[in-house]
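Asker: What follows is each chain in one-letter form.
2 protein chains.
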Amino acid sequence: MTNPLDVVAIGNALVDVLAHSDDDFLAGCGIEKGTMALINAEQAEELYAQMGPGVECSGGSAANTVAGIASLGGKAGFIGKVAGDQLGKIFKHDITALGVEFTSEPTHDTNPTGRCLVFVTPDAQRTMQTFLGSAGEVGPDDVDAELIQRAQVTYFEGYLWDAPPAKQAYVKAAEIAHEAGKKTSLTLSDKFCVDRHRADFLELVHGHIDILFANEMEICALYEVATFDEAVEAIRGNCDVAVLTRSEKGAVIVTPDDTISVEAHPVEKVEDTTGAGDLFAAGFLYGYTHGKTLAEAGKIASICAAEIISHVGARPEVNLAELVAKSL
Amino acid sequence: MTNPLDVVAIGNALVDVLAHSDDDFLAGCGIEKGTMALINAEQAEELYAQMGPGVECSGGSAANTVAGIASLGGKAGFIGKVAGDQLGKIFKHDITALGVEFTSEPTHDTNPTGRCLVFVTPDAQRTMQTFLGSAGEVGPDDVDAELIQRAQVTYFEGYLWDAPPAKQAYVKAAEIAHEAGKKTSLTLSDKFCVDRHRADFLELVHGHIDILFANEMEICALYEVATFDEAVEAIRGNCDVAVLTRSEKGAVIVTPDDTISVEAHPVEKVEDTTGAGDLFAAGFLYGYTHGKTLAEAGKIASICAAEIISHVGARPEVNLAELVAKSL
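Protein chains in written order, with our numbering: chain C, -9 to 318; chain P, -9 to 318.
Please note: incorrect hints may appear among the correct ones.
Copies of one chain are not kept apart here, so a pair can be met inside one copy or by any two copies together.
Stated by the list, open to error - In silico DSS-like links for lysine-lysine, alpha-carbon gap of 30 angstroms or less:
id, residue 1, residue 2
1, LYS289, LYS259
2, LYS157, LYS239
3, LYS23, LYS316
4, LYS23, LYS239
5, LYS65, LYS157
6, LYS173, LYS162
7, LYS172, LYS282
8, LYS259, LYS239
9, LYS65, LYS282
What the hints contain is simulated information worked out from the structure, not anything from laboratory work.
Kindly produce the complete structure, drawing on both the sequences and the hints.
Answerer: The following block contains the structure:
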């Protein structure tokens, strides 16, 4: 196939609005810290009015991941929906400026480009309130079969399950990928997202997904177990590779017959954990699609995650290929 | 007067689009590093297409200054023009979230909110290409006399001289301020801006402006002299207070019969100098309007400038009042 791609992702095309906040503010708004919740246009307007001054930065979980893969020198594509407004132009500019193929047409209705209000607390945790906007309109018609067939891995964010047409887009894309003999990969995204879609996710993980990404809370939520060790044994053998991240404790890569520990890469000061999981997935998938061992892919992943948490925002501020070359 | 203000500013309401870049890119585009140039909508579109992935953040020189004053706990107002689009809403949100009074009505024509494309080079210098958009439409009708009369200082950015109606807004506001027995203040903004408007600026500085802000290049350009020392003697006695900044060499405050040196506040790593002058002015004007000596005001100014250059973007990332209390 001409023009092969390493990874193509389907996800929510969002612009992040990041602001510093504190625990009292979140409690006052009834928002649970560290999670992602969906809000409607009106709620987004109200919450934004109460939010401190912000910084805008392209986001979206899977979009952050392909941005990271491109910054690592990989070839990536993205499928997602923006509107024809200023935020949509910003999203499209930022992802294509990195060399990611992004050909999804903008929507033409009045639904604006989606945004994620991100509250960064003094402990560097991020709490997200997402107004999906046009992002929620991605559907099976947007799945570009040729793009999927060109990619070694098709990657999905669990957040897609929050919008029924997006879930149909997943089903179509996964079929195309598997028919072409390619791999599929999923991130569980968020523990509440897992709670909302547990049955679907269990079915997927136990048969349709080759590479799974989840953090400790998410994998424990999936199997409704109390400890990480129980979750590791529950997932083992159910998919080829499960990449389980544990913040400062690093990550564990679980295969049917192996368990590989990955140390967290040191960070001088953690500023904002937004995008940590997305960039871990970026580094891992880059390594995976470039002939690295799982341990090596994990090491690249932890370097990428360390970069993203050292500053505000979920897109890399440096060239990740150069950073990895220096840090390995 | 009820509801007194410390400072009201008239300036360009802009959203900054910041991206990392290098010297070769700037040279290839024929852009002179470290300066600000005006571009039209079409040029902005073309340049943005070539620009790397960006971060959006409210900006505008004088707007950054009042944002800084508000973050210091001061009372500030802003007069400037945004459009009724997403970037305009972001600008308005960010400045009002800090407590700045911003009552200027958005424009209703098709001219979008202005933006400044900021290229941050590895030496942390910033080079700006500004599409004024609706910002250039601020005019005398936008000057809220009551707001000006309430403020101890009315502050103008030199960039206003690039748009004739904005210059008329200045004339009107300065008259109102002086009639009310208040002070006026100007920043020269940029050496090319000085070159474009030297005669106007000389007339202003020599008779109509009480507090002048300029960096070394700008004040040398104003008097067309080669050395900083010559510029200091040229400005002395022409305005009450001239605050002349010199990057890592600190600043010099020149009055008719005194010269006060201000040391630069130490910075661990200079990330991006965007907004350094704006925040220096913020700190100085806050001190000036709060009964501090000129030396004390200069010290507060250098702390604020140090904060802004330690991260990407021209709006403070921390509460400046707390930072100054800790650092003094």
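Asker: If a hint holds in the structure, say so; if it doesn't, say that too.
Answerer: Status of the hints after comparison with the structure:
In this homomeric assembly, LYS289 and LYS259 come within 30 angstroms of each other (Cα to Cα) both inside a single copy, at 19 angstroms, and across copies, at 27 angstroms. In this assembly of identical chains, LYS157 and LYS239 lie within 30 angstroms of each other by CA distance neither inside one copy nor across copies; the values are 32 angstroms within and 58 angstroms between. With identical chains, the CA atoms of LYS23 and LYS316 are at most 30 angstroms apart between copies only, with a shortest distance of 28 angstroms across copies and 35 angstroms within one. Taking the shortest alpha-carbon separations for LYS23 and LYS239, only the intra-copy value of 20 angstroms comes in at or below 30 angstroms, while the best inter-copy value is 43 angstroms.
Taking the closest pair of Cα atoms, LYS65 and LYS157 come within 30 angstroms of each other only inside a single copy of the chain (24 angstroms); across copies the shortest separation is 50 angstroms, beyond that limit. In the homo-oligomer, the alpha carbons of LYS173 and LYS162 lie at most 30 angstroms apart inside one protomer (14 angstroms), although the nearest pairing across protomers, at 67 angstroms, exceeds that limit. In the homo-oligomer, the alpha carbons of LYS172 and LYS282 lie at most 30 angstroms apart inside one protomer (17 angstroms), although the nearest pairing across protomers, at 68 angstroms, exceeds that limit. For the homomeric pair LYS259 and LYS239, the shortest alpha-carbon distances inside one copy (16 angstroms) and between copies (28 angstroms) are both at most 30 angstroms.
When the C-alpha separation of LYS65 and LYS282 is checked against a cutoff of 30 angstroms, the pair qualifies only within one copy, where the shortest distance is 16 angstroms, while the shortest distance between copies is 57 angstroms.
When each numbered hint is compared with the structure, a violation occurs for hint 2 only.
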